[in-house]
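**Q** Residue-level listing of the chains:
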Amino acid sequence: MSVSIQESDFDLAAELNTLRSGNSKVGAMVSFVGLVRDFNLNETVDSIYLEYYPGMTEKALNKIIAEATERWNLLNVRVIHRIGRLYASDQIVLVATTALHRGEAFAGCEFIIDYLKTAAPFWKKEETGEGSHWLETRETDVQRMEYWHSDKVRKSA
Amino acid sequence: MKIELVYFGRPKEHLKVARETADLPAGTSNLAGVLAWLRTRGDVWAQELADNRVRCAINQEFADLPATIKENDEIAIFSPISGG
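Order-wise, the sequence lines are chains A and B.
The working numbering puts the first residue of the first sequence at 1, with every later residue one more than the last.
The working numbering puts the first residue of the second sequence at 158, with every later residue one more than the last.
Errors might be hidden in some of the hints.
[Unchecked claim] Restraint ranges, calculated between C-beta atoms of paired labels, are given here: (1) B:Glu231 / A:Met1: 24 to 30 Å; (2) B:Ala203 / A:Ser89: 39 to 45 Å; (3) B:Ala193 / A:His101: 39 to 45 Å; (4) A:Val142 / B:Arg176: 43 to 49 Å; (5) B:Ala175 / A:Glu67: 28 to 34 Å; (6) A:Ser132 / B:Val174: 45 to 51 Å; (7) B:Ser186 / A:Glu43: 57 to 63 Å; (8) A:Met1 / B:Lys159: 19 to 25 Å; (9) B:Ala189 / A:Ser21: 46 to 52 Å; (10) B:Gly184 / A:Ala66: 21 to 27 Å; (11) A:Glu43 / B:Ala203: 39 to 45 Å.
Simulated from the structure, these hints should not be mistaken for lab results.
Cβ coordinates follow ideal geometry from the N, Cα and C atoms, glycine included.
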């Protein structure tokens, strides 16, 4: 289980190789990579700027991973979140999980990225031709987190 | 009572402050009180720190407005989070 917050880019293949290495029980590996879009709300986005709360952000991410490993039998988890200035098509975030079987790897990965959106302190500013503005938590992201707390999903976990 | 204040996101940019040590007026005992006191600093502060525009943390844990504060707490004030 490991978390990194960094300005530099990451190499997906290298990260996945490290994540699965040394454990021949791994039967499934799932990765999610979030990318910078060049549009949002009908505006062209030139770049985004991300900041975080040193200390609290790492703690929040580790708590999310702990909750995921409590719900699903995950063998390993890797989370990388980039900060600073990023441009269209840049990688922003990586969430990768390994498990014995795909069901747990998929569910764990989706849970962690959904939770990260509403529970990890990051702030994103969009820079467009019209100026810049800080983004707010999206209602659809809040709904995704509430979904994981619904009874039906809890019971299947 | 002395506390550490840290700011992130929109309020950090608009208030042009990232961190400060503050001496709270007597009788300020919770987050709502801290925000109310900061809003008396002027129009920009009143606008930026409206209760429904900011979220807070105490000692790096998310906290709601009624949460009690104590000496030397690190109080973070920020706009709604948006990572990923």
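**Q** Confirm or reject each hint.
**A** Quick rundown of the hints versus the structure:
1. At roughly 26 Å, the beta-carbon separation of Glu231 of chain B and Met1 of chain A lies within the given 24 to 30 Å, and the hint holds.
2. Taking 39 to 45 Å as the suggested C-beta distance range, the pair Ala203 of chain B and Ser89 of chain A conforms, at roughly 40 Å.
3. Range check, Ala193 of chain B to His101 of chain A: Cβ separation about 53 Å, and the 39 to 45 Å hint is violated.
4. The hinted range of 43 to 49 Å is not satisfied by Val142 of chain A and Arg176 of chain B, whose Cβ atoms lie roughly 29 Å apart.
5. For the hinted restraint 28 to 34 Å between Ala175 of chain B and Glu67 of chain A, the CB-CB distance of approximately 30 Å keeps it satisfied.
6. Between Ser132 of chain A and Val174 of chain B the C-beta distance comes to about 18 Å, which lies outside the given range of 45 to 51 Å.
7. The hinted window of 57 to 63 Å between Ser186 of chain B and Glu43 of chain A is violated, with their beta carbons roughly 43 Å apart.
8. At roughly 37 Å, the beta-carbon separation of Met1 of chain A and Lys159 of chain B lies outside the given 19 to 25 Å, and the hint is violated.
9. Take Ala189 of chain B and Ser21 of chain A: their Cβ atoms lie about 50 Å apart, and the range 46 to 52 Å holds.
10. At about 39 Å, the CB distance of Gly184 of chain B to Ala66 of chain A disagrees with the hint of 21 to 27 Å.
11. The supplied range of 39 to 45 Å is broken by Glu43 of chain A and Ala203 of chain B, whose beta-carbon atoms lie about 29 Å from each other.
Hint check: violations occur at hints 3, 4, 6, 7, 8, 10, 11; the rest are consistent with the structure.
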